[in-house]
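Going down the list, the protein sequences come from chains A and B.
Take our numbering: the last position of the first sequence gets the number 123, and nothing is skipped along the way.
Take our numbering: the last position of the second sequence gets the number 383, and nothing is skipped along the way.
Quick caveat, the hints were computed from the structure, so don't treat them as lab data.
You may find that some hints are simply not true.
To be verified - What follows is a list of derived Cβ distance ranges for each label pair: (1) 238(B) to 111(A): 48 to 58 Å; (2) 251(B) to 68(A): 34 to 44 Å; (3) 101(A) to 293(B): 44 to 54 Å; (4) 75(A) to 188(B): 25 to 35 Å.
Said to hold, decoys possible - Computed footprint of chain B on chain A, listed as stretches where at least three residues anywhere in the stretch have a Cβ under 8 Å from a Cβ of chain B: (5) 79 to 89; (6) 101 to 112; (7) 116 to 122.
Ideal placement from N, C-alpha and C gives every residue a C-beta, glycine not left out.
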Amino acid sequence: MIRLNGADSDVAAGETVAELLARMDLSPQARGVAVAVDGEVVPRARWGSFTLAEDARVEVLTAMQGG
Amino acid sequence: MSETIGDTGAVRPAGAGASSSAGTGSARANGLPARARPAGDDLVIAGRMLHSRLLLGTGGFPSLAILAEAIAASGSELVTVALRRLDPATRGSLIDVLDEAGVGILPNTAGCFTARDAVITARLAREAFETDWIKLEVIGDEDTLMPDAPELLRAAEELVDDGFVVLPYTNDDPVLARRLADVGCAAVMPLGSPIGSGMGIRNPYNLALIRDAVEVPLVLDAGIGTASDAALAMELGCDAVLAASAISRAEDPVRMARAIRAAVEAGRLARGAGRIPRRTYATPSTPEQGLPDFG
Numbered sequence: 057m058i059r060l061n062g063a064d065s066d067v068a069a070g071e072t073v074a075e076l077l078a079r080m081d082l083s084p085q086a087r088g089v090a091v092a093v094d095g096e097v098v099p100r101a102r103w104g105s106f107t108l109a110e111d112a113r114v115e116v117l118t119a120m121q122g123g
Numbered sequence: 089m090s091e092t093i094g095d096t097g098a099v100r101p102a103g104a105g106a107s108s109s110a111g112t113g114s115a116r117a118n119g120l121p122a123r124a125r126p127a128g129d130d131l132v133i134a135g136r137m138l139h140s141r142l143l144l145g146t147g148g149f150p151s152l153a154i155l156a157e158a159i160a161a162s163g164s165e166l167v168t169v170a171l172r173r174l175d176p177a178t179r180g181s182l183i184d185v186l187d188e189a190g191v192g193i194l195p196n197t198a199g200c201f202t203a204r205d206a207v208i209t210a211r212l213a214r215e216a217f218e219t220d221w222i223k224l225e226v227i228g229d230e231d232t233l234m235p236d237a238p239e240l241l242r243a244a245e246e247l248v249d250d251g252f253v254v255l256p257y258t259n260d261d262p263v264l265a266r267r268l269a270d271v272g273c274a275a276v277m278p279l280g281s282p283i284g285s286g287m288g289i290r291n292p293y294n295l296a297l298i299r300d301a302v303e304v305p306l307v308l309d310a311g312i313g314t315a316s317d318a319a320l321a322m323e324l325g326c327d328a329v330l331a332a333s334a335i336s337r338a339e340d341p342v343r344m345a346r347a348i349r350a351a352v353e354a355g356r357l358a359r360g361a362g363r364i365p366r367r368t369y370a371t372p373s374t375p376e377q378g379l380p381d382f383g
């Protein structure tokens, strides 16, 4: 089961980060968005090629008021 | 560059505050370089020029519309943002507001308790906002939100090595400030009192010591409660002030943004003007020469 932002998701293993983001209506050009998988940054340039493993923990982050 | 000795108003070690003729002491007479500090007195951090010496935190504003108004009122050119899990219901608009305001984004690592988390968050912020600048926060305690010094220093070192422009939120500790500057931080940002406490500057002497300890820009980062706190920070030699809650949680955030902006400018001017030394006893401001004798 792939975890997305701390919750179980129906994202299937083998999907790319870009495909996962598309489910969230986010384009590869989406501004102010960053992705980490299993605690490692996935650079934007690799969103299209980075495939998610069965137990991947994915964090999709964006700007929030703070500081 | 630290141009004068940190001035808490107390007697300074040497060459400072020499008594000059009352009322007309020139800049040279009090040991400070004669320099005007009118408009055009820019702040430079890591080669980036900022006209405004007020940095604005975006947390706590009641709405994005009020945030936008407060940004305009503050004159700030650099505002902080946090990175959090994307909630599809609310995404997008903060970045749009900041774009429209034409301000630079200073991402923070708020909420990180370890160097590891802070470094990962900084790298994610670099991806998200296309900036190498990071306001580094590594918190050691949930109740005080005080920095965790060893973790902070470790994270700062790693991020500087990774090419970041690191602006660390730090304790009001001159030794730690110097260590942060030594590892290559672009500025140091000590607290005046705990984040969001509005308690102002609890230890002005330490802030003055930090002013002397580092040459990188000094930004007061936490504790501002109202305009006078910001003026005091600048009078003590800070190069800039970062205000968040003081503005965002004020009853009228836009008016407070205007007030703190004016205070930062006033404090900067006063610092450059060179205040008179504090004395226990009075010094007449009217000459005694020519005093009539009424027998």
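Hint by hint, here is what the structure shows:
Between residue 238(B) and residue 111(A) the beta carbons are some 33 Å apart, a value that contradicts the proposed interval 48 to 58 Å. Under the hint 34 to 44 Å, the C-beta atoms of residue 251(B) and residue 68(A), about 36 Å apart, fit the expected range. Remark: the range hint 44 to 54 Å for residue 101(A) to residue 293(B) is upheld by a beta-carbon distance near 50 Å. Checking the proposed 25 to 35 Å range against residue 75(A) and residue 188(B) shows it holds: the Cβ atoms sit about 31 Å from each other.
Counting residues of the segment 79 to 89 of chain A whose C-beta sits closer than 8 Å to any C-beta of chain B gives 6, which meets the bar of three, so the coverage hint holds. As drawn, the segment 101 to 112 of chain A meets chain B at 0 residues by the rule of a beta-carbon pair under 8 Å; below three, the given contact is violated. With 7 residues having a beta carbon nearer than 8 Å to a beta carbon of chain B, the segment 116 to 122 of chain A meets the requirement of three or more and the stated coverage holds.
Hints 1 and 6, counting from the list given before, are not met by this structure.
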